[in-house]
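Visitor: As a plain string of letters, each chain reads:
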Amino acid sequence: MPGRVLLIEDEPNIAEAIRFILSREGCEVVVEADGARALSRIADCAPDLVILDLMLPGMSGLEILSALRANPATLGLKVLMLTAKGQGRDREAAERAGVSAFMAKPFANAEMRAKVRALLEG
Amino acid sequence: MPLSALTGTRLRERRLALGLKQAELAQRVGISASYLNLIEHNRRRIADDLLTTMAQALDVPLATLQEGHAGQLVDGLRAAAAAVPGAAAEVERVEDLLGRFPGWSAALVELHDRSRALGRVVEVLNDRMAHDPHLSASLHEVLSAVSSVRTTAAILADTEDIDADWRARFHRNLHEDSERLAQGAEALVAYLDASGQGQDHTISTPQDEVESWAEACDWDLAHAEDIAQSPHLASAAGRVLAAGLQAQYATDLAAIPTPAFNSAMAAGADPLTLARSFGVPVLAAFRRMALRAGSGFGLLICDGSGTLTLRKAIAGFSPPRFGAACPLWPLFTALARPETPVEAVIALPGPQGARLRARAFAQVRYPGGFRGPELREAAMLLAPEPAGAEPALEVGPTCRICPRPACPARREPSILQG
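Those protein sequence lines, which keep their order, are chains A and B. For the record, in the first sequence the residue sitting at position 72 is 75 according to this note's numbering, with numbers rising by one throughout. For the record, in the second sequence the residue sitting at position 210 is 1347 according to this note's numbering, with numbers rising by one throughout.
Hint data in this document are derived by calculation from the structure and do not stem from the laboratory. On a predicted model such as this, the values are computed, not experimentally measured, just so you know. Among the hints, a few may not be true.
Derived pair list, reagent style SDA-like, types lysine to any residue, alpha-carbon separation capped at 25 Å [stated by the list, open to error]:
1. Lys118/A with Thr1296/B
2. Lys118/A with Asp1298/B
3. Lys1449/B with Arg1502/B
4. Lys118/A with Ala1294/B
5. Lys1158/B with Thr1201/B
6. Lys118/A with Asp1295/B
7. Lys1158/B with Ala1184/B
Model the full structure from these sequences, guided by the hints.
Guide: Shown next as structure tokens:
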């Protein structure tokens, strides 16, 4: 499943693991840890998919998602949001803001591969 | 509880002791014998003037016929019935029930009280899970570490042809995350474990620790336990807050020395006159009045967001530990009108709800100079207020646990309704 993925995740070890998993599936993975810089990175690397952690320093995942949906250039960009169990209210807010899919931490690696494949090929 | 706890039963016992027939006593006090029979079996409430006449006719002090504890049990039974409207309890016969089965009645009231108390504990814990930033941060840390361990371990287990460099990197990450997980779990356990030592079996925050530490010395902070050694101050954050409070206390004490303070209070000083006399901010006068051994004042302080930063409790009033408080408190009126004294009598919910005199004041600071930011701080001094003609502002602790059904300031439904 070739494609360019921008991973916005501030936990370096989780980011490294996801990058490894998706790279082996043929994806080009770019990692950004800071929420405030994420929007400019999206403009620079033109990803096919954004994997977005909900809790980020600088700018929250919800704020980034809202900014993407407010911009005609990124209105249709697919966004997979990583949440923690128990963040029900935030999930509802993300759904209203137009998220493409969710995945709850901790997740199984096979689930990650399947979700990314579905989004890139869908 | 003895059978004679109810007025009707006491009347009957006294009449029989005097050897009087119902008809004789009824004639003396000017009522029918059948009506007296209903009164004696606690099926009719007796009016105050008739009770006075009865006491004279039976030659006993009025107080010996009046209800004491029994009256509270009647209120308790009514409250229990109201809590389960579907049961269609015969509320009109509550005194009959109490007269015939006083032990069962007391047990029912106690069970109802326990049920309400447990409901409040559940609410406090629910509130904490939703709003406590310390618990939320601890859980997030643990969850992040677990996520990383699970993903990394699965990579190592499932990827047979993994490069040696990647393998070494993931081994290192696993080691880091397992350390982080152990530390996060320890912190979480320590945090939760502290709750088991309190009587209310809830969880302690740094602010709870400071209040526990201050209460241990009856808020005489000059003689408080050593901050570094105190068992009440389990967290570093709690010790930092305690040190700040103790330093402020010392400043207030130096500005308003005890002998002069006692003289001013004996002369009837209120917070504003106290502040003016000693040239200190009004909030310093509030603190000086409340934070001392033997003070009967409660004190709440909040910052500009309305978050409570200090809580010195007073009997009958339990401010919420998390989340937003009742917006009707004079504290918040003052917060919106800095430098303006706000005074009101407030009444807490329930038949035994506390009646308190609240005096609130807010101050504004500009620590960064003319360009701000503007920082507000408000305080509310609380004192017991005897029953009187002055109308009281009906307030609550916080919407979720406030039973007032038609409050105009309600934000969300109460769990204590229906």
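Visitor: Checking against the hints above, which ones are violated?
Guide: The structure conflicts with no hint, since it agrees with every one listed earlier.
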